[in-house]
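Asker: Each chain is listed here by its residues.
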Amino acid sequence: MSIAYFPGCTLSTKATGYDISGRAVAQALGMPLEELPEWQCCGATFPLATENSMALIAPTRLLAQVEKVGGKVTTLCAICFHVLRRSQNFLENHPEMLDRINWFTEEPYSGKATVTHFLEILRDELTWKGLSEKVNTPLKGLRVAPYYGCLLLRPPTEIKMDDPENPTILHECLTALGCDVVDFPYQSECCGSYLAVSKPDLPEKLAGEITASARRHGAQALVTACPLCQFNLDYPQRAKDQAWNGGQIPVLYFTQLMAVALGLETAVWGMENHYVDPRYLFESYQLSVGSDQLSDEN
Amino acid sequence: MQAALDIANSGYEVLMVEKEPSIGGHMAQLSETFPTLDCAQCILTPRTVEVGHHENIRLYTYSEIESIQRDGAEGDFTVTIRRRAAYIDWDKCTGCGACQEKCPFKVFSTFERGIGPRKVVYTHSPQAVPNKPVIDAENCRYMQSVRDMQSGVIPAVDKQGNPAKPKCGACLKFCPTGAIDFEQKDTLFEEKVGAIIVATGYDLISMESLPEYGGGKIPDVVDGLAFERVLSSSGPSAGKVIRPSDGKTPMEVVFIQCAGSRDPERGVPYCSKICCMYTAKQAILYKHHVHEGQAYVFYIDTRTGGKGYEEFLNRAQEEDDVVYLRGKVSKLFREGDKVIVKGVDTLSNLTVEIAADMVVLATAVIPRASSRQIADMLGLVMDENDFFTASNEEMEPVISTVPGIFLAGAGLGPKDIPETVAQASGAAAKVLSMFQREKVTA
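Going line by line, the protein sequences match chains A and B. For what it's worth, the working numbering labels the leading residue of the first sequence as 1, then goes sequentially. For what it's worth, the working numbering labels the leading residue of the second sequence as 1, then goes sequentially.
FYI, nobody ran anything at the bench for these hints, they're computed from the structure. The beta-carbon is built from N, C-alpha and C at its ideal position, and this holds for glycine as well. Take every hint as true, because none was put in to throw you off.
Computed list of lysine-lysine pairs in DSS-like fashion (alpha-carbon distance at most 27 Å, straight line):
id	chain 1	residue 1	chain 2	residue 2
1	B	LYS217	A	LYS160
2	B	LYS331	A	LYS205
3	B	LYS328	A	LYS205
4	B	LYS342	A	LYS205
5	B	LYS240	B	LYS338
6	A	LYS199	B	LYS328
7	B	LYS273	B	LYS19
8	A	LYS199	B	LYS342
9	A	LYS160	B	LYS328
10	B	LYS331	A	LYS199
11	B	LYS331	A	LYS160
Partial chain B-side listing against chain A, Cβ under 7 Å, derived:
id	residue
12	PRO211
13	GLU212
14	PHE333
Could you put together the complete structure from these sequences and hints?
Answerer: Right, dumping it as structure tokens:
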């Protein structure tokens, strides 16, 4: 069973580690990700202006591409997921807008595509039990703090994935991998999002609070499903002498931990470009492959 | 209660049916009242005692309406009342309290809002009317063991082959009048009445529905009624202001108004009306107990419509140095032994973070869970929030849509004590005028 997959711009550029590990684990789980034959940017933000037709063109065109390959698509990027699911929802309930955009793009979209996040496929199709059965390197003793951020779960009335105040989906995924899951109060706080571009001081401050809280609660690593969260939490830790934060903590994608737990080779872990190199975390595990590459600095 | 007294004092017989083992409602839980800071218990007890001793009032406590049948066009009902088994013969019981003293088992008390214990055999409230205890069958060790023997979970005969004895039974042993009766069953009574006043009161929305405020899982985050018990001299700490988690005196207390109110998305759309005033009262009382302490109040706006109410709020702000912050709290969580409160002050446009020792949520006022059932039984109309609806909300606020049935109190919508009492007297007046009319036309 292959799954139509929309990588999005960030996973093709800055966050290749998420893309590589995601494709590899999907392959290993017997449900390979099949990249959409043609795609462009999802639009990057869901438009909240009253007149939103311009901003809806990109996601509508993308959803039309999805329909050409069966009408179902999955993403890894939390922001692409957020934009596509909300756009899909909006277009389904606003046929007049759909008509207008279809007239403009000349690529008719029916309004009936299904947008899922890869985490939902794991939960609803593979199931956590099914995932845990595939794990051959249980990450026992690894204390990880799931970090949900905002866009993966909110607004819950439209996203309908999990309760944003008490989310469990990443918790359950990490538990299936054998990790010790650490709860911490900042797990669904905002990382600062796109303010990293216009007001970089703010995400830096927020990242300091989030990473400090995770470490205070005993986490060895933060785990996210969003490339922007990953960047905003990881990048401020780039200098090794982080006096502002009193220490460093690696920030991983859940697919990277899955790659380790499923015993995949280090080449598909995609951990080379992290500001805080996470690979030391796995030195003590009996890995079935590639443990000699762990200390490989680049 | 006010309605019952007004009607009884006019010479008519009143049946008062109360779900709890004793009367007084939520007012019995309050420490002081606003805006006079009268001791709630002290102004309530004369009324409850008067009801308890009134020659024209018959009290059915620990009872609920089972069914109602209409016999005539207006004001002619046959009411079936179910009195729950108290497992204590109240005719024999003198209210001495020996059973409660000897009972070895404690559970969380709903009257104390979960911040204090009660025994398994208990009197509902301090200075209870009637002053009679009930046994909590679910948690009673004796009754549990009897149930277990009946279901075969534990053997019904001991090793010698004699019938096994139920466990505990301390109350049975020590009751001086032999009033304990584990065999007691619910009793049904049938009564004929000419009019019905529905005064079912209110509840608070559960903290579980407010996950951003801890969802009820943080011990030092309590609701308004629980903080009344913290302040009350008859509460679990006998009037010493201590927090539930470790019994320390909280030096910084944050009050959050509109916790669930005016929040159509997550809570209820309406204003709960009483919270601005009781929060100001609680902040003042907290400062009177803990002089060095600091109280903060997060509010959307302060609604103080009532005689002396705005002056009372000013007193909190000016004389008792309560810091009022206009804004909502987005989130709170536990960090060590503190509760971190993250909010915004929209007057200074700054985000605010307070490391509090205790947080009090002014949770939304909602109708009693049973009010829907009562409405169905009586044929009453409810609004979209499950409050009862009067036949004409403006001009006949205490007359229901069903002839002979009248309404009063917070079951119609949130209201404070003076308004509730006024409405009760209004409902009583309507009942009396109906009786008078019948007398004239008969």
